[in-house]
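Here the protein sequences come in this chain order: R and G. Residue numbers are given in my numbering: position 127 of the first sequence equals residue 634, and the series is strictly consecutive. Residue numbers are given in my numbering: position 457 of the second sequence equals residue 465, and the series is strictly consecutive.
Honestly, the hints are just simulated from the structure, not real lab data. Ideal Cβ placement from N, Cα and C applies to all residues, glycine included. Any given hint could turn out to be false.
Said to hold, decoys possible - Covered by chain R, according to a simulated footprint, are these stretches of chain G (three or more residues, beta-carbon under 8 Å):
1. 41 to 53
2. 173 to 186
3. 244 to 254
4. 285 to 299
5. 359 to 371
6. 392 to 405
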Amino acid sequence: MTLHFSEQGEQEFQSILGRYPEDHRRAALLPTLHLAQREFGYVSLEAMEYVASRLSLPTSKVLHVATFYTMYNKRPVGRYHLQVCKSISCAVMGAYGLLEYLEARLEVERGETTGDGLFTLSEAECLAACDKGPMLQCNEDYTGCLGARREDGTWPEVDALLDSLRAGRGVPVQG
Amino acid sequence: MAMEKILTSAVGVPESWTIGSYEKRGGYAALRKALQMEPAAIIDEVKKSNLRGRGGAGFPTGVKWGFLPRESNVPKYLVINADEGEPGTFKDHLLMELDPHRLVEGCIITGWALGMRACYVFIRGEMFQEAHRVQRAIDEAYRAKLLGENILGSGLTYDMYVHMGAGAYICGEETALIEALEGKAGQPRMKPPFPAVVGLFSCPTIVNNVETIAAVPTIIERGGEWWAEQGCERNGGPKMYGVSGHVRRPGVFEASHGVTLEELIFSDEFAGGPRLGKDGKPKKIKGVIPGGASCPVLTPEELGVRMDFDSMMSHGAASASKRPEWVDEQLWTDSLSWPGGRPRGTMLGTGCALVMDEDVCMVRVAANLAHFYHHESCGQCTPCREGSGWTARVLDSIEAGTGTERDVELLLEICNNMEGNTICPFGDAVAMAVRSYVLKYPEEFYLHVKQGGCPYPHW
Ligand SMILES: Cc1cc2nc3c(=O)[nH]c(=O)nc-3n(C[C@H](O)[C@H](O)[C@H](O)COP(=O)(O)O)c2cc1C
Ligand code: FES
């Protein structure tokens with residue numbers, strides 16, 4: 508096995524273990540998988556085996572959990588993971604159009620990563636920001652309401668978001 | 009007259025999430041008061057307050073607390089349900105982001121009242137900022153000796169931890185949430201035993217929603233009676249409501265539990281009415297989902313209802329007179345009421361409403377919801393796993409113009425067979441939601457079938 512937590516990751520792992528009763532170590536599984544995703548980029552089979560060994564669990568149990576939850580990426584994702592909410596409040600505010608616009612601008616389909624490894628486009632379910640629809644989550648940040656596509660087909664708010672990310676300036680702060 | 013804000017008092021306050029700001033607003037005084045009270049007296053105040061669970065089911069909080077065994081030779085736990093994932097719901101995140109100390113204080117008081125050892129706050133995996141704020145508040149509370157050993161000299165030892173979910177709506181259901189906390193896939197457990205008896209790590213556990221526990225400090229500070237007076241009968245207190253969709257000012261609003269849905273949507277104090285069309289005139293509302301995706305939809309004529317748990321349950325049932333002649337009469341009648349004959353009303357749910365105007369296609373709305381449920385079904389129970397996917401496929405075909413009148417009947421049949429036949433209420437939620445669109449807007453389904461496609465603008 509070649510994977511290991513970094514020094515800082517190891518510290519965090521120990522602090523995770525401290526949150527649960529000693530005879531219930533398995534409770535640390537969800538946070539440890541989150542940690543593994545941060546440390547290794549995504550949750551590969553190898554990462555699952557490593558987590559299993561650290562928590563003394565059979566790999567099959569880790570596989571079951573890692574595949575049940577959608578936030579564990581079983582494949583590598585781009586530097587910016589754009590997750591468009593397509594649940595009902597965002598849907599009536601134009602989420603499907605937003606997905607189509609992003610597909611066209613990024614030249615990928617949902618679920619895919621751009622050739623330069625910068626963007627992965629995904630669909631998400633309600634992100635509990637329904638008063639700001641249509642909206643999306645970029646890595647750990649929410650964008651806030653992205654307005655609507657104009658009649659001439661342009662979408663300045665979305666273009667500004669992509670430009671800002673490409674320039675390494677992160678998600679523009681919402682007013 | 010605008011009422012005093014309690015649950016949203018942090019809105020607009022600079023750095024409201026810090027302990028300094030919270031204490032300046034009177035924070036942690038209730039904890040000091042509570043530690044001087046007998047635990048049983050605290051439970052009594054909460055009973056008197058008519059506080060009802062704000063995760064959606066509206067169960068009286070004091071009564072639920074009473075189910076927890078007093079004596080226990082294993083630790084007792086408090087679990088905070090911060091999984092907020094019901095589509096259209098966006099209130100708990102605001103509390104965690106802006107007023108996390110209110111939640112922490114509520115958790116400590118509850119721990120004292122119920123003799124608990126620790127509290128886990130189960131936060132949706134997507135809510136990084138909120139989790140960060142809650143963790144920061146917990147750290148500050150430890151430093152101020154409000155958490156940990158012998159809190160403020162009371163002898164209470166109590167710890168608090170954040171536990172992040174990982175993207176699964178079903179983990180909002182309390183037993184699935186406990187499974188997820190234990191490191192398993194979030195698949196609901198059979199009840200009984202209820203969590204109050206066998207919960208987290210097989211120990212007695214109370215699961216409460218964020219907003220429910222955030223109410224506790226004020227109830228202790230001002231008394232249960234005061235809280236009860238701020239609401240309406242059997243529904244105590246101010247409540248956080250939300251309005252999203254086609255309105256002028258979507259957002260979270262605090263109001264008395266007796267506010268009507270109509271006021272929330274139309275009043276300038278709240279959402280400010282429907283959005284304007286190109287002609288500058290307000291658009292017509294076609295339907296409102298009153299409290300999250302699972303709540304049966306209401307028509308514009310049904311909005312004058314009070315937003316409390318009891319009023320909503322007996323309001324908004326579809327009628328026999330709307331039955332189109334092509335739908336079997338017995339099937340329609342069966343769909344209108346619960347087994348036993350009580351008409352199926354709607355629900356308050358989470359109190360976050362979605363307003364949909366005249367441009368919206370109700371078949372497409374139902375299809376969107378069905379796809380959500382199909383994606384999120386945990387897969388344990390066949391009626392839910394298969395039924396949710398089946399309704400989604402039938403709705404897709406009606407929306408695409410390849411459906412038949414018989415397909416519309418089929419939707420009702422699937423829903424009626426799903427309900428009551430699953431481990432948790434998820435299956436009921438699918439049925440209640442999807443069925444309500446057929447019962448309330450049968451003419452739209454008919455139009456799709458007859459025209460061979462969707463007559464509404466694409467969105
Ligand atoms: C499918 C499903 C999803 C749920 N999601 C949530 C949720 O996201 N947040 C929540 O507080 N309660 C949710 N609930 C309700 C919980 O099971 C439980 O009733 C609630 O957390 C109890 O807290 P309360 O009494 O304070 O409302 C959900 C229930 C079901 C059946
Ligand atoms: S529906 Fe998109 S955030 Fe809730």
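Status of the hints after comparison with the structure:
Interface restraint, the segment 41 to 53 of chain G with chain R: violated (0 residues with C-beta to C-beta distance below 8 Å; minimum three). With 5 residues bearing a CB less than 8 Å from a CB of chain R, the segment 173 to 186 of chain G meets the requirement of three and the coverage assertion stands. With 5 residues having a Cβ less than 8 Å from any Cβ of chain R, the segment 244 to 254 of chain G passes the three-residue criterion, so the hint holds. Requiring three or more residues with a Cβ within less than 8 Å of a Cβ of chain R, the coverage given for the segment 285 to 299 of chain G is violated, as only 1 such residues are present.
For the segment 359 to 371 of chain G, the assignment as covered by chain R holds, since 4 residues bring a beta-carbon within under 8 Å of that chain's beta-carbons and 3 suffice. Closer than 8 Å: that is the beta-carbon criterion, and the segment 392 to 405 of chain G has 0 residues meeting it against chain R, so the requirement of 3 is violated.
Hint compliance for this structure: hints 1, 4, 6 are not met, and every other hint is.
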